[in-house]
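So the chains spell out like this:
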Amino acid sequence: MAATKKNTLKLKFDSSRNLAPALESKSVAKIAERYDLFINGKFEKPSSKKYFDTINPANEEKLSSIADANSTDVNKAVVAARTAYEKTWKKTAPKERAKYIYRIARLIQEHARELAVIETLDGGKPIRESRDFDVPTAANHFFYYAGWADKLEYAFPNRNPQPLGVAGQIIPWNFPLLMAAWKIAPALATGNTVVLKPAETTSLTALKLAEIIQEADLPPGVVNIITGAGATGAALVNHPDINKIAFTGSTEVGKIIQKAIAGTNKKATLELGGKAANIIFDDAPLDQAVEGIINGIFFNQGHVCCAGSRLFVQESVYKIVLQKLKDRMETLIVGDPLDKNTDIGAINSKQQLEVINKYLKLGQQEGAEIFQTNCGIPKKGFYCRPTIFTNVAQSNRIVQEEIFGPVLAIQTFRTEDEVIEKANNTPFGLSAGVWTDKGSKIFNMTSKLKAGVIWANTYNKFDPVSPFGGFKESGFGREGGLHGLGAYLKV
Amino acid sequence: MSTKRVTVLKTYKIYIGGQFPRTESGRYYVASNPKGEHLANMCLCSRKDVRDAIGTARGAFGGWSARAAFNRGQILYRIAEMLEGRKAQFIEELMLQGSSKVAAEKEITLSIDRLIYYSGWCDKYQQIFSSVNPVASSHFNFSALEPMGVVTIVAPQQSSLIGLVSVMAPVIAGGNTCVILASETKPLCAVTFAEVLNSSDLPGGVVNILTGKVSELLSHLSNHMDVNAVCFSESDTSSIKMVKENAALNVKRTAFYENEKWMNENTQSPYFINDFQEVKTTWHPIENIGGAKSGY
Chain A
0 MAATKKNTLK LKFDSSRNLA PALESKSVAK IAERYDLFIN GKFEKPSSKK YFDTINPANE
60 EKLSSIADAN STDVNKAVVA ARTAYEKTWK KTAPKERAKY IYRIARLIQE HARELAVIET
120 LDGGKPIRES RDFDVPTAAN HFFYYAGWAD KLEYAFPNRN PQPLGVAGQI IPWNFPLLMA
180 AWKIAPALAT GNTVVLKPAE TTSLTALKLA EIIQEADLPP GVVNIITGAG ATGAALVNHP
240 DINKIAFTGS TEVGKIIQKA IAGTNKKATL ELGGKAANII FDDAPLDQAV EGIINGIFFN
300 QGHVCCAGSR LFVQESVYKI VLQKLKDRME TLIVGDPLDK NTDIGAINSK QQLEVINKYL
360 KLGQQEGAEI FQTNCGIPKK GFYCRPTIFT NVAQSNRIVQ EEIFGPVLAI QTFRTEDEVI
420 EKANNTPFGL SAGVWTDKGS KIFNMTSKLK AGVIWANTYN KFDPVSPFGG FKESGFGREG
480 GLHGLGAYLK V
Chain B
0 MSTKRVTVLK TYKIYIGGQF PRTESGRYYV ASNPKGEHLA NMCLCSRKDV RDAIGTARGA
60 FGGWSARAAF NRGQILYRIA EMLEGRKAQF IEELMLQGSS KVAAEKEITL SIDRLIYYSG
120 WCDKYQQIFS SVNPVASSHF NFSALEPMGV VTIVAPQQSS LIGLVSVMAP VIAGGNTCVI
180 LASETKPLCA VTFAEVLNSS DLPGGVVNIL TGKVSELLSH LSNHMDVNAV CFSESDTSSI
240 KMVKENAALN VKRTAFYENE KWMNENTQSP YFINDFQEVK TTWHPIENIG GAKSGY
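Listed in order, the protein sequences are those of chains A and B. Going letter by letter, the first sequence gives residues 0 to 490 in numbering that gives the first Met the number 0. Going letter by letter, the second sequence gives residues 0 to 295 in numbering that gives the first Met the number 0.
Treat the hints with caution; some may be incorrect.
As the list claims (entries may be wrong) - Derived DSBU-like pairs (lysine-lysine); straight-line CA-CA distance at most 30 Å:
1. A:LYS89 - B:LYS105
2. B:LYS260 - A:LYS44
3. B:LYS100 - A:LYS94
4. A:LYS447 - A:LYS460
5. A:LYS75 - A:LYS94
6. A:LYS460 - A:LYS25
7. A:LYS266 - A:LYS449
8. A:LYS98 - B:LYS100
9. B:LYS279 - A:LYS98
10. A:LYS86 - A:LYS44
11. B:LYS86 - A:LYS94
12. A:LYS447 - B:LYS260
13. A:LYS25 - A:LYS61
14. A:LYS98 - A:LYS323
15. A:LYS98 - B:LYS260
Stated by the list, open to error - Computed footprint of chain A on chain B; a stretch qualifies when at least three of its residues, placed anywhere within it, have a C-beta under 8 Å from a C-beta of chain A:
16. 29-41
17. 109-120
Calculated from the structure, these hints are not laboratory results. C-beta: ideal position from N, C-alpha, C; glycine also.
Please work from the sequences and hints to get the whole structure.
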């Protein structure tokens with residue numbers, strides 16, 4: 000009897016994967032002991048007189064003290080932004096405005112290495128990602144929007160687009176510098192002034208950006224950066240002299256903001272949570288698809304609003320995809336974010352690690368099957384092994400709720416219609432991924448999936464020219480490209 | 000013994016493929032100031048130089064057009080940075096050729112700003128001029144722009160720098176490569192500008208600059224069979240007719256900028272880029288099987 004020959008080929012990296020540490024040097028990162036608030040072009044002590052610690056999540060060591068802005072400080076920043084808007088920025092010729100923004104872009108490029116190291120120290124993301132993605136993309140974003148400053152009438156034909164005024168911007172901790180760039184660059188290009196609040200666990204690169212803005216000689220008050228936690232953000236949202244709120248963060252907070260500004264004339268753009276479907280058809284190039292799954296869910300420890308956190312695999316290839324995925328996951332290195340070999344760095348905060356662990360428990364209680372890799376993780380710091388759940392139901396909370404960590408829920412499907420229904424069965428609609436060799440199937444999927452960004456045979460791609468933003472409870476408004484301008488203009 | 004230092008005079012050469020050769024013809028003409036005083040000996044380019052330059056531009060087209068639009072934008076920005084650093088030299092040359100100091104300063108700053116302006120357009124005009132076309136059948140149909148290819152350009156003759164910059168920038172911003180015939184009577188800045196291009200990150204061959212007589216070279220610039228488009232910036236009607244006739248040899252595209260006031264700040268727009276773009280429309284089927292209505 001001819002024995003069914005099982006394909007037992009398996010990736011084996013054990014022997015070769017014990018790589019010597021390749022640590023990026025911390026010496027390029029100049030971090031002050033204490034950071035004040037950046038208001039009207041100067042660093043000012045907070046009137047609250049309070050500071051909070053920012054730590055390195057990779058080893059729980061303190062990096063610096065950050066000023067905690069209260070409502071008096073927020074008011075100061077808004078007044079500075081208003082004054083700069085009325086007296087300076089509004090009157091600055093668009094092409095000169097552009098030159099300031101170009102300067103910021105160039106200075107970010109010049110400070111790139113320092114920014115990358117600080118981003119990794121403060122946020123826990125692998126140095127490879129901060130160096131090759133976050134920082135260069137942030138610079139490119141400024142470079143791109145700088146060019147729009149004197150071209151706005153072409154973006155809105157038969158209109159005379161005008162700035163809104165003062166923009167209050169609140170950004171998350173997953174891509175601290177990049178999100179600051181996404182917010183500040185289009186706001187300045189369109190002639191608005193800004194009060195930006197970074198997330199409390201990751202203020203450092205925004206404060207470094209404040210130094211860069213000083214170096215660029217931007218008129219005082221055009222960009223103000225105030226630090227603090229939720230209360231600071233709330234004070235900013237509720238300040239009566241803000242014309243526009245731009246928020247990136249959780250759907251929960253997004254709804255609070257939307258409600259808070261109801262009854263005012265404040266405009267808003269909200270870029271909120273997601274639970275993206277990453278869909279693998281049986282005719283997909285499977286090895287590439289597996290890379291796409293890995294990138295989709297483990298990029299930046301899964302702290303990505305558009306993470307491909309729901310995987311749908313066509314039944315006929317489920318077994319092989321699952322095996323390939325597990326094999327590939329075993330090669331991932333979890334560890335010191337400053338190590339250039341590290342694939343998955345530290346979870347951003349203790350609080351977030353607790354959230355993730357809660358879902359790991361919950362998933363198992365719901366009856367799903369958990370798989371985690373065997374890799375070692377450092378003793379100190381906040382880490383989570385790459386995790387997948389199989390045998391999950393559409394109604395499971397690990398399928399319905401955003402976990403924001405390296406945790407993937409895997410489901411199967413038989414037909415296109417079935418996967419469309421399942422993929423759309425979520426309150427979110429930020430992004431999706433489709434893997435198939437058949438173009439016409441891709442366009443059928445992109446037509447029917449309710450999501451703001453859909454990647455076909457790729458995942459987690461970003462570019463300053465490409466609009467990004469969600470359907471449904473993933474928010475409204477777009478950032479990036481021509482479409483990102485409208486959010487900051489009266490058209 | 001006299002210790003008076005003797006000035007080193009600059010030799011003005013042409014710019015082909017990122018190098019500064021002399022004209023293959025060995026001929027020269029004299030560039031003089033409005034008073035008729037000798038300024039420099041310029042290369043009096045020949046048909047062979049035109050052909051060499053076009054061949055070089057063709058060679059550079061593949062690489063330049065394949066660059067990311069963003070990268071082209073950075074390179075144009077770099078050209079502006081280099082020009083800003085050499086302002087003084089251009090002001091001096093513009094004044095040698097008859098400009099007042101004020102006019103010269105205005106011309107150089109406007110040239111820098113115009114390069115920045117077109118730098119910004121490199122990755123933006125596509126979103127202005129491209130489209131997704133809502134065809135009635137089940138197809139995804141979109142029209143995107145592509146550069147035409149090699150463009151020969153007769154630069155505006157009345158200015159030394161701003162005219163050249165104004166016609167060159169939109170052509171290369173859109174991914175084309177070009178051969179430019181500089182102003183015949185005010186050629187100095189064109190050659191110095193070539194040095195600026197050469198010290199920026201612009202790949203050799205993307206811009207090639209020749210000096211010489213329009214009357215001699217216009218026919219060669221417009222009848223060469225490996226040229227995709229001709230840009231002519233003068234108003235002489237018989238020349239325009241010749242360009243149009245020659246263009247018909249291989250259906251070249253043409254653009255005529257007869258009365259543009261290049262020193263006007265507003266004489267710049269993405270439409271100058273669009274003048275040297277083809278539109279490519281792609282049809283792709285959308286499989287429309289099954290009944291997933293996905294109404295929510």
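Verification of the hints:
1. A:LYS89 - B:LYS105: 24 Å, holds
2. B:LYS260 - A:LYS44: 53 Å, violated
3. B:LYS100 - A:LYS94: Within the cut-off at roughly 23 Å; holds.
4. A:LYS447 - A:LYS460: Roughly 21 Å between the alpha carbons, so the hint for A:LYS447 and A:LYS460 holds.
5. A:LYS75 - A:LYS94: The given pair, whose Cα atoms are some 29 Å apart, holds under the 30 Å limit.
6. A:LYS460 - A:LYS25: 29 Å, holds
7. A:LYS266 - A:LYS449: 24 Å, holds
8. A:LYS98 - B:LYS100: Given that 30 Å is the threshold and the Cα spacing comes to 25 Å, the pair holds.
9. B:LYS279 - A:LYS98: Between B:LYS279 and A:LYS98 the Cα gap is close to 34 Å, so the pair fails against 30 Å, i.e. violated.
10. A:LYS86 - A:LYS44: Distance ~25 Å between A:LYS86 and A:LYS44 Cα, so the pair holds.
11. B:LYS86 - A:LYS94: 19 Å, holds
12. A:LYS447 - B:LYS260: 51 Å, violated
13. A:LYS25 - A:LYS61: 14 Å, holds
14. A:LYS98 - A:LYS323: 49 Å, violated
15. A:LYS98 - B:LYS260: 24 Å, holds
16. 29-41: violated (count 0)
17. 109-120: Holds: 6 residues of the region 109-120 of chain B have a Cβ under 8 Å from chain A.
The structure fails to meet hints 2, 9, 12, 14 and 16 from the earlier list, while all remaining hints are met.
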